[in-house]
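Make a model of the complete structure from these sequences and hints.
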Amino acid sequence: MSKPKVAFFDFACCEGCQLQVANMGESLLDVLGAIDVVEFREVMSEKWDQDFDVAIVEGSITTPHAIEKIKKIRERCKVLIAYGSCATIGGVNGMKNNFPLDKIREEVYGKDYKYFETVETRAVPQVVKVDYLVHGCPVYIPEFVNVLKAVLAGLPYQVPDHAVCVECKLNENVCVYEKGVTCLGPVTKAGCNSWCINNGNICYGCRGMVTNPNENGAKDVIEKYNVPMNLVRNKMNMYNQCREIDQSEQKKR
Amino acid sequence: MQYAVLKKEYLNEFITRLAQDQKVIAPVAKGYNQFAFEEVKSGEKVALDHIPTILPPKKYFMPQYETLATYHANSSQKMNPVVECEDLILFGVHTCDLAGIQCLNMVFSERPKDINYLIRKSKITIIGYGCNDYCDEYASCRLVHSHTPNGGYDLFFINLGDKFFVHINTLAGDEITEKTNLFEPATPADLNALAKIREKKREIFANEVPVVHERMPEMFSKSYDSNVWEDLGKRCLACGNCTNVCPTCYCFDVTDEPNLDLQTGKRFRRWDSCQNEAFAKVAGGESFRKERSARQRHRYFRKFKYPMEKFSRLFCTGCGRCSRTCMAKINLKETLNQLVEEQGMKNLKAGRETE
Chain A
0 MSKPKVAFFD FACCEGCQLQ VANMGESLLD VLGAIDVVEF REVMSEKWDQ DFDVAIVEGS
60 ITTPHAIEKI KKIRERCKVL IAYGSCATIG GVNGMKNNFP LDKIREEVYG KDYKYFETVE
120 TRAVPQVVKV DYLVHGCPVY IPEFVNVLKA VLAGLPYQVP DHAVCVECKL NENVCVYEKG
180 VTCLGPVTKA GCNSWCINNG NICYGCRGMV TNPNENGAKD VIEKYNVPMN LVRNKMNMYN
240 QCREIDQSEQ KKR
Chain B
0 MQYAVLKKEY LNEFITRLAQ DQKVIAPVAK GYNQFAFEEV KSGEKVALDH IPTILPPKKY
60 FMPQYETLAT YHANSSQKMN PVVECEDLIL FGVHTCDLAG IQCLNMVFSE RPKDINYLIR
120 KSKITIIGYG CNDYCDEYAS CRLVHSHTPN GGYDLFFINL GDKFFVHINT LAGDEITEKT
180 NLFEPATPAD LNALAKIREK KREIFANEVP VVHERMPEMF SKSYDSNVWE DLGKRCLACG
240 NCTNVCPTCY CFDVTDEPNL DLQTGKRFRR WDSCQNEAFA KVAGGESFRK ERSARQRHRY
300 FRKFKYPMEK FSRLFCTGCG RCSRTCMAKI NLKETLNQLV EEQGMKNLKA GRETE
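Going down the list, the protein sequences come from chains A and B. Each step along the first sequence adds one to the number in numbering that gives the first Met the number 0, with nothing skipped, and position 69 is 68. Each step along the second sequence adds one to the number in numbering that gives the first Met the number 0, with nothing skipped, and position 110 is 109.
Be aware that a few hints might be false.
Said to hold, decoys possible - Heads up, simulated EDC-like pairs for lysine to aspartate or glutamate below, C-alpha to C-alpha not over 16 Å straight-line: (1) Lys148/A / Glu213/B; (2) Lys345/B / Glu213/B; (3) Lys233/B / Glu177/A; (4) Lys233/B / Glu214/A; (5) Lys233/B / Asp219/A; (6) Lys29/B / Glu177/A; (7) Lys309/B / Glu213/B; (8) Lys122/B / Asp20/B; (9) Lys280/B / Asp160/A; (10) Lys95/A / Glu214/A; (11) Lys2/A / Asp260/B; (12) Lys58/B / Asp271/B; (13) Lys328/B / Glu177/A; (14) Lys148/A / Asp230/B; (15) Lys328/B / Glu222/A; (16) Lys328/B / Asp219/A; (17) Lys218/A / Asp230/B; (18) Lys148/A / Asp255/B; (19) Lys289/B / Asp160/A; (20) Lys58/B / Glu171/A; (21) Lys29/B / Glu171/A.
These are computed hints drawn from the structure, not numbers from a lab.
In structure tokens, the structure reads:
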């Protein structure tokens with residue numbers, strides 16, 4: 000059996016997730032033993048103009064041009080993996096949606112902004128069908144490899160739908176709320192092995208919210224720990240703004 | 000000798016000698032009044048009078064992630080069983096956690112026996128430690144009779160001030176006292192001091208919830224449709240903290256993980272929780288416990304009702320971890336008090352008559 004042809008693409012992002020993959024270390028050899036990378040702008044010059052098996056896409060969709068491009072990628076591949084918060088949930092690019100588009104364009108491009116078309120930020124699954132998601136900013140490499148294995152084996156990959164707290168407790172970290180710091184772990188999807196908290200940081204919610212969060216309960220918790228509401232709103236806004244697109248579309252239905 | 004004493008100034012040396020041939024695990028301070036069982040090489044870092052550790056010692060009996068078997072696609076269904084374990088000495092295990100280990104022993108000894116658990120257990124030596132006072136306001140160990148030792152240890156230490164009174168309960172415990180060679184026989188004065196400590200404990204530890212211990216399963220049976228669960232469901236974030244830190248929660252999930260060659264791989268289990276969204280979800284997307292209220296009720300019933308019917312034992316050890324760790328401040332004692340009020344089962348004499 001020949002190795003599946005895999006192409007990496009990027010849209011609006013920092014390309015940090017590609018860097019994570021390129022910087023994987025020794026397990027990169029095993030990964031390259033299992034796949035045939037035909038295009039990967041950050042690490043190779045070659046381009047690929049034929050069909051391929053797997054597209055691995057980083058970044059959010061923010062322009063009409065990007066919409067066309069992602070649709071073409073979708074047509075050319077059998078399996079599409081969105082990886083990194085920008086691609087899976089919109090990520091930090093979602094903050095753009097807090098402002099009128101014209102204001103954003105003027106801020107960035109100055110007086111000639113009309114020449115630069117733009118659209119509100121969307122996550123890749125909000126534009127085309129996505130088969131696998133690898134959340135995270137950046138992606139957590141062990142999870143990336145697990146998803147790749149699922150793709151190769153033709154199996155589904157279930158993103159854990161419970162809180163980061165679950166993995167954080169299993170790692171026996173001191174809860175950062177005990178240290179008087181606010182953390183989005185209780186409402187954020189696990190799967191990262193509480194990577195940030197293990198290393199002394201907090202959870203910024205980069206993996207998106209669990210599908211069934213207790214929003215009123217979370218408000219109670221925030222009140223109890225005396226956390227200003229706008230601080231939490233800003234924290235949620237940082238990665239999860241594109242969630243509103245799904246919510247408003249749900250309302251329309 | 001069944002009873003011995005160890006002078007406090009020898010504690011450091013005791014741990015150091017133990018750690019020469021074996022891994023010694025003891026509670027260690029992690030800051031912010033949080034503690035964890037970790038490997039120690041001497042007694043310096045050991046925190047004896049600690050509030051219960053973040054995770055109970057169950058993590059040594061059933062680790063958070065545990066490989067059960069490896070496989071190769073060529074050998075069809077045949078798997079190679081794996082038990083990753085080593086000899087361990089757990090030092091400073093409080094009576095609530097001893098009770099927790101006893102509960103797990105019952106569960107995993109049931110047929111079909113859990114071989115991984117039982118092999119690991121056979122390699123663990125336990126040195127218990129008695130609390131002379133409450134660790135904090137979350138504990139309810141008197142309610143479930145786990146404030147005093149009920150076996151389940153090899154050695155047991157009680158703080159007499161300048162020395163530890165030591166009960167030698169097993170051959171393994173006896174071997175430790177001989178090998179470390181730091182213990183002295185207990186004198187009648189030491190036994191007197193012990194009696195005084197016990198008397199004082201009887202004054203300090205009072206039933207935390209005014210209900211007769213034996214009537215709790217009945218109280219829960221009547222409370223299945225109580226509004227108490229609705230209230231908990233509204234507050235609960237389903238973060239799973241309560242079950243992960245519980246010394247008697249043992250639910251796990253088993254997954255096969257292939258290697259990149261897709262030919263070889265391993266089967267492992269990791270802790271799961273009835274509070275997690277996917278726990279009671281089945282094919283088709285239905286969930287048996289979609290509502291957080293039903294999940295919280297299930298958790299309480301798994302402590303106070305179901306195990307009483309199956310094992311004639313409450314599976315709450317009164318350690319208070321679930322209340323301490325809860326993001327939403329769901330408090331076990333508060334919930335029990337609400338149920339007691341609601342069911343008219345208040346009995347202020349409860350727990351005093353048996354002393």
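Evaluation of the provided hints:
no. : hint                : result
1   : Lys148/A / Glu213/B : violated, 52 Å
2   : Lys345/B / Glu213/B : holds, 13 Å
3   : Lys233/B / Glu177/A : violated, 23 Å
4   : Lys233/B / Glu214/A : holds, 9 Å
5   : Lys233/B / Asp219/A : holds, 10 Å
6   : Lys29/B / Glu177/A  : holds, 11 Å
7   : Lys309/B / Glu213/B : holds, 14 Å
8   : Lys122/B / Asp20/B  : holds, 14 Å
9   : Lys280/B / Asp160/A : holds, 11 Å
10  : Lys95/A / Glu214/A  : violated, 24 Å
11  : Lys2/A / Asp260/B   : holds, 11 Å
12  : Lys58/B / Asp271/B  : holds, 13 Å
13  : Lys328/B / Glu177/A : holds, 13 Å
14  : Lys148/A / Asp230/B : violated, 43 Å
15  : Lys328/B / Glu222/A : holds, 12 Å
16  : Lys328/B / Asp219/A : holds, 10 Å
17  : Lys218/A / Asp230/B : holds, 15 Å
18  : Lys148/A / Asp255/B : holds, 12 Å
19  : Lys289/B / Asp160/A : holds, 13 Å
20  : Lys58/B / Glu171/A  : holds, 10 Å
21  : Lys29/B / Glu171/A  : holds, 10 Å
Taken one by one, the earlier hints fail for this structure at numbers 1, 3, 10, 14, listed in ascending order.
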